[in-house]
Every structure is written in structure tokens, then in C-alpha cells.
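Participant: Each chain, letter by letter, is given below.
4 protein chains.
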Amino acid sequence: MADQKALDLTRRETFKAFTPVTIRFSDTDKLGHVNNVSIASYFEAARCELFDRVLKQAALGPDIDYVLARVAIDYKRELHYPGTVEVGGRFVRVGDRSIVTGYGAFFDGACFATGEAVNVFFNLRTRTSIAPPPVLRGLLEMEIAA
Amino acid sequence: MADQKALDLTRRETFKAFTPVTIRFSDTDKLGHVNNVSIASYFEAARCELFDRVLKQAALGPDIDYVLARVAIDYKRELHYPGTVEVGGRFVRVGDRSIVTGYGAFFDGACFATGEAVNVFFNLRTRTSIAPPPVLRGLLEMEIAA
Amino acid sequence: MADQKALDLTRRETFKAFTPVTIRFSDTDKLGHVNNVSIASYFEAARCELFDRVLKQAALGPDIDYVLARVAIDYKRELHYPGTVEVGGRFVRVGDRSIVTGYGAFFDGACFATGEAVNVFFNLRTRTSIAPPPVLRGLLEMEIAA
Amino acid sequence: MADQKALDLTRRETFKAFTPVTIRFSDTDKLGHVNNVSIASYFEAARCELFDRVLKQAALGPDIDYVLARVAIDYKRELHYPGTVEVGGRFVRVGDRSIVTGYGAFFDGACFATGEAVNVFFNLRTRTSIAPPPVLRGLLEMEIAA
Numbered sequence: 024m025a026d027q028k029a030l031d032l033t034r035r036e037t038f039k040a041f042t043p044v045t046i047r048f049s050d051t052d053k054l055g056h057v058n059n060v061s062i063a064s065y066f067e068a069a070r071c072e073l074f075d076r077v078l079k080q081a082a083l084g085p086d087i088d089y090v091l092a093r094v095a096i097d098y099k100r101e102l103h104y105p106g107t108v109e110v111g112g113r114f115v116r117v118g119d120r121s122i123v124t125g126y127g128a129f130f131d132g133a134c135f136a137t138g139e140a141v142n143v144f145f146n147l148r149t150r151t152s153i154a155p156p157p158v159l160r161g162l163l164e165m166e167i168a169a
Numbered sequence: 024m025a026d027q028k029a030l031d032l033t034r035r036e037t038f039k040a041f042t043p044v045t046i047r048f049s050d051t052d053k054l055g056h057v058n059n060v061s062i063a064s065y066f067e068a069a070r071c072e073l074f075d076r077v078l079k080q081a082a083l084g085p086d087i088d089y090v091l092a093r094v095a096i097d098y099k100r101e102l103h104y105p106g107t108v109e110v111g112g113r114f115v116r117v118g119d120r121s122i123v124t125g126y127g128a129f130f131d132g133a134c135f136a137t138g139e140a141v142n143v144f145f146n147l148r149t150r151t152s153i154a155p156p157p158v159l160r161g162l163l164e165m166e167i168a169a
Numbered sequence: 024m025a026d027q028k029a030l031d032l033t034r035r036e037t038f039k040a041f042t043p044v045t046i047r048f049s050d051t052d053k054l055g056h057v058n059n060v061s062i063a064s065y066f067e068a069a070r071c072e073l074f075d076r077v078l079k080q081a082a083l084g085p086d087i088d089y090v091l092a093r094v095a096i097d098y099k100r101e102l103h104y105p106g107t108v109e110v111g112g113r114f115v116r117v118g119d120r121s122i123v124t125g126y127g128a129f130f131d132g133a134c135f136a137t138g139e140a141v142n143v144f145f146n147l148r149t150r151t152s153i154a155p156p157p158v159l160r161g162l163l164e165m166e167i168a169a
Numbered sequence: 024m025a026d027q028k029a030l031d032l033t034r035r036e037t038f039k040a041f042t043p044v045t046i047r048f049s050d051t052d053k054l055g056h057v058n059n060v061s062i063a064s065y066f067e068a069a070r071c072e073l074f075d076r077v078l079k080q081a082a083l084g085p086d087i088d089y090v091l092a093r094v095a096i097d098y099k100r101e102l103h104y105p106g107t108v109e110v111g112g113r114f115v116r117v118g119d120r121s122i123v124t125g126y127g128a129f130f131d132g133a134c135f136a137t138g139e140a141v142n143v144f145f146n147l148r149t150r151t152s153i154a155p156p157p158v159l160r161g162l163l164e165m166e167i168a169a
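Residue numbers (the working numbering), protein chains in the order written: chain S, 24 to 169; chain L, 24 to 169; chain V, 24 to 169; chain A, 24 to 169.
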């Protein structure tokens, strides 16, 4: 199993899958670089792809959702237009009713930002947070351990 | 009735209703001013408010929608962060199956951009464009004439 | 020379160069599709790439800029997350003090939107619009004719 | 002096100044609510206003900047279009070379998200992080204590 302490989100080797995101001119701000909010949209692009891939496998049914509860991003160096970034994403930790994911964003091989997100499992019918169903938990634990 | 030739979208008097939009730092781009795409989002804010107001009155029912077919924006002067802009919107012309709306965007009383949009009426059940129902056409013509 | 009347922006053959843009989840809106403002940012991505390529060749010097004066976009069909779009761009017409560019945006080979932009040449020192320098005009005319 | 442990970012009373931000239709996503990335742009709007106000007083000179190093946002409830939100911001803690700020975002009086940011002081000439100049530190400590 992956040693969580060893998880270094600044290293490409931490991730098995990457989401490419093309930088747009409108992503820049008056400081001349890519705006931090645009970078948040890059992380979301990776998060959605990561969840889609695993939740499709888990075939959760229409009642279960995973609601974004927290996002944290560490900005490590400036990013400039133009180019394409790659955002690696992986499941990091599964809790009682939540899942933590980790991200590293790379340009030209160098990490310019890392991120972490917490999603809470949610029953859309009862409108309450729930424990992930066993099939999903199993899949997530496999992903974390890989 | 309003003389359409006399419609000058750069004048505040052309509009009876304005949508305030607060400029965000992330709206700027590396040229130092507000990015043209952000300004497009200001016009959309006004367009949605304009349609919501009239379509609520028309009580269209769930089958009828108005699909955005075209947007044109004329950028007349630079806009800078920070501040609040006001976007005036009005119905301009109703066609067989479409409605044209016009917009003027103001900062400190001065027009910095004008816009025009075309929306097509659409039956969500039959998936085809349609003529606006008489009640809606009547309302739109009243708005245009006012 | 290209017959301008024959320019069909919905056809891939109209363009020699395409800018890839990855769709982000945050590009969607509550109607479930990609928001029209996000699509405007795709067109800008292509416009910047098109101008950068030719203006680098023209080596204009620091005093000359090309200011965006108008953007028009025709939305032809809905676009959905996820995927990558390709936006073709080309110079269409050079005026006394302006240049018109045309764009076609494609997903899975099908055109979902076309666009046109007008940029005005501008002397940053004198703060007035200007005719494009001969070298630039020559390059633009070659691009249009190609 | 403010007891930092007592800082509850979900309460309006924690903040003395609020930045209004108008929700735009394009802020929504296909889940029907306001997208988390849009909410990140609301927090940035407040952060810029907070720093502008204090840094103007400190008259820092052109060499000193404060670089965004980290943003964390806790999403507490869904936000829907349309309306205007208010984002409260305040200085929370000043470190050796950094400053922590805290935020609370309110709609109709209820907190829908809280946030924290870390900015690092930076000398633009030497390109290194620096301790804040005494005048600035004094101002920040006064703000934190207030």
C-alpha cells in the first residue's frame, strides 16, 4: 500500500494519469501571469476526470453523489501563457463519509502547483451525507494502494 | 413606437433597466485591462435578467425555450479593474422565430461596449425552432415599442 | 486568391491552422452545456495564436498594437463537456486601419460555432489608430490569399 | 487583541469590511449551482480589495510585492444564480515572511463558504522572499488586533 507520508504531489511519479489543459489567453491577469483562479479550473478539470473514471466503474446509481467540500491549492511558481499543462490526480485517503484527492500540475515537466480536495458522499434522496457503498470503497482503496 | 434606426446603444437613455456587474480581479488579462471574454459575461448577465423578467410574465410553460444563436460585441474603450459596471438591455426586434436584443455597458456613465444578441424560440418537445406564442410576441412588441 | 464570398467558416478546409482547446468542467453552465462565454474564450485562444504567428514574422516593433474592436459569434449547436475542440482561424480582409479574422470551432469534426473579429491597428506612442505598416500589410495579404 | 482561536469565519461579525460580488449566469455549472471555481474568483475579489486598502496606506514602494502562495476554500452550502454575495475579508496572522488572511462569503446573510489565503512578501529587485517592512508589519498587526 502506498505510504501516505511519502506522497509528494510535486513529483510526476506520484500520478498514473494526467489531464491535459490548454492555457487560454483569458486565463491571464493584469500581473502578466496565469491567474490563480484559472489554475483552480485546471485542478477541477483533473478532479472531474478522476472521479468520472472510477465512479463509472462503481456504477453507483442515481441516488449517490460526491459533493465538493474543500479545495486547497499551493502555488509554487508562476505560470505563463501559452502552452499546455498536465494535471495529475489521485485518490489519497478515504474517510467515513469523504474522500481526499491530491493533484500536481506540471508545465514543461516542472510542478507549478499542487492541490488537495475533499469530497463528501451524499444521498440525493435523503439529502444527507453517507458512507461510501462497499463497492465504491473497495475501488477507492484499490486506487489509493496502487 | 420606438424608431429602430434611432436606437443608439451607447446612450443610457436607450435603456430602462440596468444590470449591475462587479468587476473581479480575475476579469483582467495580461494586457492590464478587463479581458473581452469577461465583458461577454457581463452582457450575458444582462441578457439573462432581461429574458427572465419578460418570460416570467409570459408564463411560457416548460416546452418553450429561447436558444442563443448569435452574440456580437463592439469594444469601444478599455475597462479597468476595480469598480462596478452597469449593463443596459432591451428588446430590439422580433422576427418570425427569433428575437434580437441590444445592450450598452457603462462605467462611470461612459459607454465602453455595446452588444447585440439573437435568440431563437425553440420547442423542447419537438426539438424544432418555432414562432413565439402570441402572448409572448405581444409582450415583446410592447417592450420594443416602449 | 481566395474568393472571400466563398469563405465558409463551417468547413475545416477553410483553415490551415487549428488551435486545440480542452473543455473544462467549469466551462459548463446550468443549462447543462458549455456556456457561450466559455466558447468566446476558445475563439480568443485561436485569435491570439493567429496574430502571434504572423506578427512575430512582421517584427513590428514596440509601438504598434492591434486592438480588439469587435467580436461576433454564431452558435450553431450545443457543445458538451468533456473533450477537446479545435478552433481554426484565418485572416479574412485587411482594411485601411483594421484587419478582419474568421474562425470555425469544431468538435468531433463538426462545426459548433463560427466567429469573426475586427482588430484595429494602433500606435501606442501617438495613441491613434493607424494604417498597418507595409511589411505587415504584405504579410496579411499573403495570408488572406493563401 | 483578537483571540485567533475565536476567529469564526462563518460569522458576519468577524469582518468589518465586505466586498460585494454580483453572481453571473456564466458562474453556474452543469450541476445547476454556482461552480466552485467561480466562488474562488469571489474570494479573490475580496482579497485584492483587502490588500489594496492596507498596502496603499503602507506606501510600500515599487520593489515590494506580496505573492499568493496558498488558497483554501471550504464550501459549506450550494449557491445559486442570481443575486449578490458579500465576501468579508480580514488579516489573520503575520509570519516571518508571510501574511495569512481569512474570508467568509455570505448570501442572504448566510455563510456559504469560508476561505484562507497565504501571501508571501517578495522583493521584486532581488527576487527573494523578505520580511515585511516595519511600517507594513505595524499596519498588519493593527488590522489583526482590531
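Some hints could be false.
Identical copies go unnamed one by one, so any copy, or any two together, can satisfy a pair.
[As the list claims (entries may be wrong)] Only pairs whose alpha carbons sit at most 30 angstroms apart, straight line, appear in this in silico DSSO-like list of lysine-lysine:
no.	residue 1	residue 2
1	Lys53	Lys99
2	Lys39	Lys79
3	Lys79	Lys53
4	Lys79	Lys99
5	Lys39	Lys53
Just so you know, the hints here were simulated from the structure itself, not pulled from any lab data.
Participant: Could you work out which of the previously given hints the structure breaks and list their numbers from low to high?
Facilitator: Structure breaks no hint.
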